[in-house]
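> Take the given structure of chain E and dock chains S and Z to it, following the hints.
Here are the chains, one letter per residue:
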Amino acid sequence: MRYIFSLLLLVSILFCEAKVITLCNQCEIKELKQAIAVSKPFDTLLIKKGIYTCMNETINKPLTVIGENRPALDGQLKDEVLVVMSDHVNIIGIEIRNSKCGSMKDYSGLRVFKSKDVKIEDCVLFNTYFGIYLSDSKHILVKNCKSKGANYGNSDTGNGIHLWKCDSVQIEDCHLEGHRDGIYLEFAKHCFIQNNYCEKNFRYGVHFMFSDNDIYENNTFTNNGTGVAVMYSKGVHMFNNKFQNNWGDASYGLLLKDMSNGIINGNSFENNTIGVTMEGGTNMRFEKNNFTKNGYAMKVMANCRLDTFVRNNFAGNTFDASTNGELKENLFENNYWDKYEGYDLNRDKVGDIPYRPVSLYSVLVEQMPYAVMLMRSFTIDILNRAEKNIPSIVPETFVDDKPLMKMISQK
Amino acid sequence: MIRTENLEKHFGKLHVLRGVNTSFAGGEVVSVIGPNGSGKTTLIKSILGMVVPDKGKVYFDGLDVANDFSYRHHIGYMPQIGRYPENMKIGQLFAMMRDLRKSSTALDEELMHEFQLPAMFDKPMRTLSGGTTQKVSAALAFLFNPKVLILDEPTAGLDPVASETLKAKVLKAKRDGKLVIVTSHIMSEVEEMADKIMYLFEGKINFYKIIADLKAETGEEKLGKAIAKIMTEQAHA
Amino acid sequence: MLKIAKYVVYDILRSKVLLAYTLFLLLVSLALFSLETDGAKSVVSLLSIVLIIVPLISVVFTTTYFYNAYEFIELLVAQPLGRNTILLGEFLGVAFSMMAAFLIGVGVPMLVYSPNAMGGVLLLSGGGLTLSFISIAFFSSVAMRDKAKGIGMSLLLWFYFAVIYDAIVLGILFSFSDYPLEKAVIALASLNPIDMARIMVLMKLDISALMGFTGAVYKQFFGSSFGLVYTLGIMLVWIILPLAVSVRIFKKKNL
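The listed protein sequences derive, respectively, from chains E, S and Z.
Counting in this note's numbering, the first sequence runs from 7 upward without gaps.
Counting in this note's numbering, the second sequence runs from 180 upward without gaps.
Counting in this note's numbering, the third sequence runs from 219 upward without gaps.
Pulled out of the complex, with its shape left as it was, chain E reads as follows (with noise of 0.2 Å):
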């Protein structure tokens, strides 16, 4: 997509005569609104460093604008920034700032509305309620860009990029801090979100709403408020995140609800207090992932029907696992669970006697809390173990009957 961008710029500086339109504070032309409405389309609007007052401005045409030594745009807190309603435009290195804050209009540092062929690249925002609102819009690429959310106060602050009804948008190499949720796709189909780092989020770090067929990968999300969250969505796969550090008592590294299709692969999840929630998830694969030192592991709801865990590793969390009834049609098989006590006597590397990663502990605290106190105590290991050899209380399709005795390496 970018080499066609790439190539269109080329050929409209080839043979339409663009020209380049340079914005200084000593300039002739002081101000963008001025040089948008003296610009051509496919012209390029030059910014030189310094501060410059944008209200609400509107790119209206295909044009590109380059900021040299990163100029910054200012809202001044009294509107929007900067909006996009064109095909076809380039926003390079600009700083966009001090946009508005209010709950009646999701006010935001760079809107995008029914455009396609957008291409943000190196932009930092700064203070902004929402950073990038991306609109109806299709063909977006976003990329190392930063974002940090304002300073409205914990609850009231809006996303880092929010999408809405988009399609094929690429997020890439940006790092979204502060904001609501860091990135949110609300009916986005075919994005593609990857190396990004997501941190100190207020909500998530990336949540899904209705919006099928993305995928996102390498990306890191740490230390938000209850995680990545991913609802209502069909064949989002997610290969080769970390999903860290997110502590709570509703805090999960990854969040399934009503999901089917999708595949999660070669993802870590690592000191969380419970690495994946999944509620109503059907045909789900998770594959290759690494649990660790998560309070639980997993917490696989009993509404989850035909999903499929293999190969993932569960060493050093708490719990391994938790549900809620009887689980159905799920398939648990050659994981690695550090847990797993049995033996190997065919030395075919894996175990012979099956595991169940749901302790009677487990139960015990899900229905009585403050028994959360009495971890590691002998007596709760000795019930444990009186229940794993008649088991009654846990749930018993709740079980891998092929545990492998070593850990797997996922690289």
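Treat each hint with caution, since some may be false.
Stated by the list, open to error - The calculated EDC-like cross-link candidates involving lysine to aspartate or glutamate, where the alpha carbons are at most 16 Å apart (straight line), are: (1) S:Lys236 - S:Glu187; (2) S:Lys326 - S:Glu371; (3) S:Lys192 - S:Asp233; (4) E:Lys345 - Z:Glu254; (5) Z:Lys259 - E:Glu178; (6) S:Lys351 - S:Glu293; (7) E:Lys55 - E:Asp85; (8) E:Lys355 - E:Asp407; (9) E:Lys144 - E:Asp123; (10) S:Lys351 - S:Glu371; (11) Z:Lys469 - S:Glu371; (12) S:Lys268 - Z:Glu289; (13) Z:Lys259 - E:Asp344; (14) Z:Lys470 - S:Glu265; (15) E:Lys144 - E:Glu183; (16) E:Lys412 - Z:Glu254; (17) S:Lys375 - S:Glu207; (18) E:Lys54 - E:Glu74; (19) Z:Lys471 - S:Asp233; (20) S:Lys326 - S:Glu187; (21) E:Lys122 - E:Glu74; (22) Z:Lys470 - S:Glu293; (23) E:Lys408 - E:Asp358; (24) E:Lys408 - E:Glu293; (25) E:Lys55 - E:Asp128; (26) E:Lys152 - E:Asp128; (27) Z:Lys469 - S:Asp247; (28) Z:Lys224 - S:Asp278; (29) E:Lys154 - E:Asp173; (30) Z:Lys221 - S:Asp374; (31) E:Lys152 - E:Glu101; (32) E:Lys149 - E:Asp123; (33) Z:Lys234 - S:Glu293; (34) E:Lys206 - E:Glu183; (35) S:Lys351 - S:Asp374; (36) S:Lys192 - S:Glu381; (37) Z:Lys470 - S:Asp355; (38) E:Lys67 - E:Asp93.
The hints are simulated quantities; they were obtained by calculation from the structure and are not laboratory data.
Chains S and Z in isolation, oriented as in the chain E frame:
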């Protein structure tokens, strides 16, 4: 030197001491006798502070000994059956006792040498025979040159030579003005050493007399017979 | 007092039992650290040693030692020494020996393989348990004249604190699960030195799980610096209280 006032002691249901009032003075050897279970050892242990009486008091040189252990500097005690840390060697035991008591008075190592203990200083306590253990106990009792010596069945288990040595030592202590309290079952031995005899019976002092007086009263030459005579008289009375 | 402690230590060192205990701990710790590639898992295994085996050996060793040293104590009582001096001297001697065994057996491997806060807390709780169970063993030794009864009582107390107590707590939680029990559970945990030690380690080991709804309450309490002071204070009470009771009994004891 030592006075007891109305000592009472129960061990569970057993009433072991039933109001013992008595006193002991320096320069005499008192023999405490009585049948088994009459309270001899309990009396001695009360004086030593090893048994805490239910009621009554023990005075040492006029001072109440309850809650004050310093009077034990002046007491040497030889238990009936001496039991010592098994892994300790004789030499170490003597060194430890010296270390623990921090005595300022000159040591009296006479008995230790007479029993030829230094030659066995390298022997661990657990390897010793009963007799040798008794020798160690006796030597330890006299070691710190105390004003009062309390010997519980001292000659039981000792060979005749050692018995004689010990008896001589007791008499010598008496001449030095010390108080020696001895329990014993062997009348001949009592006769040889003691000046006074205290007869305990069911936790009470039946009589406490100078031996010479006792013999004169009963007209018997032998102590054993004298005592037997008193007993029968009491039984008829 | 220190002199008596010195002789107690000499005496204990001469028997091979302490040496065996030290070696046992050393071997187990080394095995756990070298066989287990994951350091955290070795700590988990060591935790069960610290919570169960260390208190057990502490009570059994102390009680047996006390009855074997009965002669020595008798000897001391007839000497010009105060009874509290004698008993505290005995305690110090035993405590020093057992702590040395624990620190060499578990502390040294810990220092080599896992020199971090987690290891420190584990040593702290193990040390606290060693001392409090020595103290508890002194109580049963002084209270019971008969050796068999004394050892029996020590074992019973160990079993009570190690197993039965938590079962009772579980029962209470089960029966009153509809009531808010945060404070009650903290109080209940304080009544058992093993629970205190366990919670101390939990605050480091299972921090993720404890961030869950109810756990967070405890995390807030025990995880704070006040909580640490509280935990250590309660541990200290569990060392001092049985010992103080033992001294009271011992002062009136007939030997």
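> For every hint, state whether the structure bears it out.
Taking the hints in turn, this is what the structure says about them:
Straight-line distance between C-alpha atoms of S:Lys236 and S:Glu187 comes to about 9 Å, which keeps the hinted pair within the 16 Å bound. Among the hinted pairs, S:Lys326 with S:Glu371 is inconsistent with the structure: their alpha-carbon atoms are about 21 Å apart, more than 16 Å. Distance restraint check for S:Lys192 and S:Asp233: the Cα-Cα separation of roughly 13 Å lies within the 16 Å cut-off, and the hinted pair is therefore satisfied. Between the alpha carbons of E:Lys345 and Z:Glu254 the distance comes to roughly 13 Å, so the proposed pair stays at or under 16 Å and holds.
For a cut-off of 16 Å, the pair hint linking Z:Lys259 to E:Glu178 is broken: about 37 Å separates their Cα positions. Using a Cα cut-off of 16 Å, the hinted pair S:Lys351 and S:Glu293 holds, with the two alpha carbons roughly 14 Å apart. With a C-alpha separation of about 22 Å, the suggested pair E:Lys55 and E:Asp85 falls outside the 16 Å cut-off, and the hint is violated. A distance of roughly 13 Å separates the Cα atoms of E:Lys355 and E:Asp407; the hinted pair therefore holds under the 16 Å criterion.
A C-alpha spacing of about 7 Å is found between E:Lys144 and E:Asp123, which places the hinted pair at or below 16 Å, so the restraint holds. About 13 Å separates the Cα atoms of S:Lys351 and S:Glu371, which keeps this hinted pair within 16 Å; it holds. Only pairs whose Cα atoms come within 16 Å are accepted, and Z:Lys469 paired with S:Glu371 is rejected, the gap being roughly 38 Å. With a C-alpha separation of about 15 Å, the suggested pairing of S:Lys268 with Z:Glu289 holds against the 16 Å cut-off.
A C-alpha spacing of about 9 Å is found between Z:Lys259 and E:Asp344, which places the hinted pair at or below 16 Å, so the restraint holds. The suggested pairing of Z:Lys470 with S:Glu265 is violated, with an alpha-carbon distance near 26 Å, which exceeds 16 Å. At most 16 Å may separate the alpha-carbon atoms for a hinted pair to count; E:Lys144 and E:Glu183 exceed this at roughly 25 Å. With a C-alpha separation of about 12 Å, the suggested pairing of E:Lys412 with Z:Glu254 holds against the 16 Å cut-off.
Taking the CA atoms of S:Lys375 and S:Glu207, the gap is near 8 Å; set against the 16 Å cutoff, the hint holds. Taking the CA atoms of E:Lys54 and E:Glu74, the gap is about 5 Å. The hint holds against a cut of 16 Å. Of the pairs offered as hints, the one joining Z:Lys471 and S:Asp233 holds, with about 11 Å between alpha carbons and a cut-off of 16 Å not exceeded. Restraint check for S:Lys326 and S:Glu187: not satisfied, since their Cα atoms lie roughly 26 Å apart, outside the 16 Å limit.
Under the criterion of a C-alpha separation no larger than 16 Å, the hint pairing E:Lys122 with E:Glu74 is inconsistent with the structure, at around 25 Å. In summary, the hint linking Z:Lys470 to S:Glu293 is not supported, as the alpha carbons are separated by about 38 Å, beyond the 16 Å threshold. The hinted pair formed by E:Lys408 and E:Asp358 meets the criterion: a straight-line CA distance of about 7 Å does not exceed 16 Å. For the proposed pair E:Lys408 and E:Glu293, the alpha carbon gap of about 15 Å is at most 16 Å, so the pair holds.
A hinted pair counts as satisfied when its Cα atoms are at most 16 Å apart, and E:Lys55 with E:Asp128 qualifies at roughly 15 Å. Between the alpha carbons of E:Lys152 and E:Asp128 the distance comes to roughly 8 Å, so the proposed pair stays at or under 16 Å and holds. Taking the CA atoms of Z:Lys469 and S:Asp247, the gap is about 12 Å. The hint holds against a cut of 16 Å. Of the pairs offered as hints, the one joining Z:Lys224 and S:Asp278 holds, with about 11 Å between alpha carbons and a cut-off of 16 Å not exceeded.
Between the alpha carbons of E:Lys154 and E:Asp173 the distance comes to roughly 25 Å, so the proposed pair goes past 16 Å and is violated. For the proposed pair Z:Lys221 and S:Asp374, the alpha carbon gap of about 40 Å is over 16 Å, so the pair is violated. For the hint pairing E:Lys152 with E:Glu101, the CA-to-CA distance comes to about 9 Å; that is within 16 Å, so the pair holds. Taking the CA atoms of E:Lys149 and E:Asp123, the gap is near 13 Å; set against the 16 Å cutoff, the hint holds.
Of the supplied pair hints, the one linking Z:Lys234 and S:Glu293 is violated, its CA atoms being roughly 35 Å apart against a limit of 16 Å. For a cut-off of 16 Å, the pair hint linking E:Lys206 to E:Glu183 stands: about 6 Å separates their Cα positions. Restraint check for S:Lys351 and S:Asp374: the C-alpha separation of about 13 Å stays at or below 16 Å, so the hint holds. The suggested pairing of S:Lys192 with S:Glu381 holds, with an alpha-carbon distance near 14 Å, which does not exceed 16 Å.
For a cut-off of 16 Å, the pair hint linking Z:Lys470 to S:Asp355 is broken: about 35 Å separates their Cα positions. A threshold of 16 Å between alpha carbons decides the hint, and for E:Lys67 with E:Asp93 the separation of about 7 Å falls inside it, so the pair holds.
In summary, the numbered hints that this structure violates are 2, 5, 7, 11, 14, 15, 20, 21, 22, 29, 30, 33, 37.
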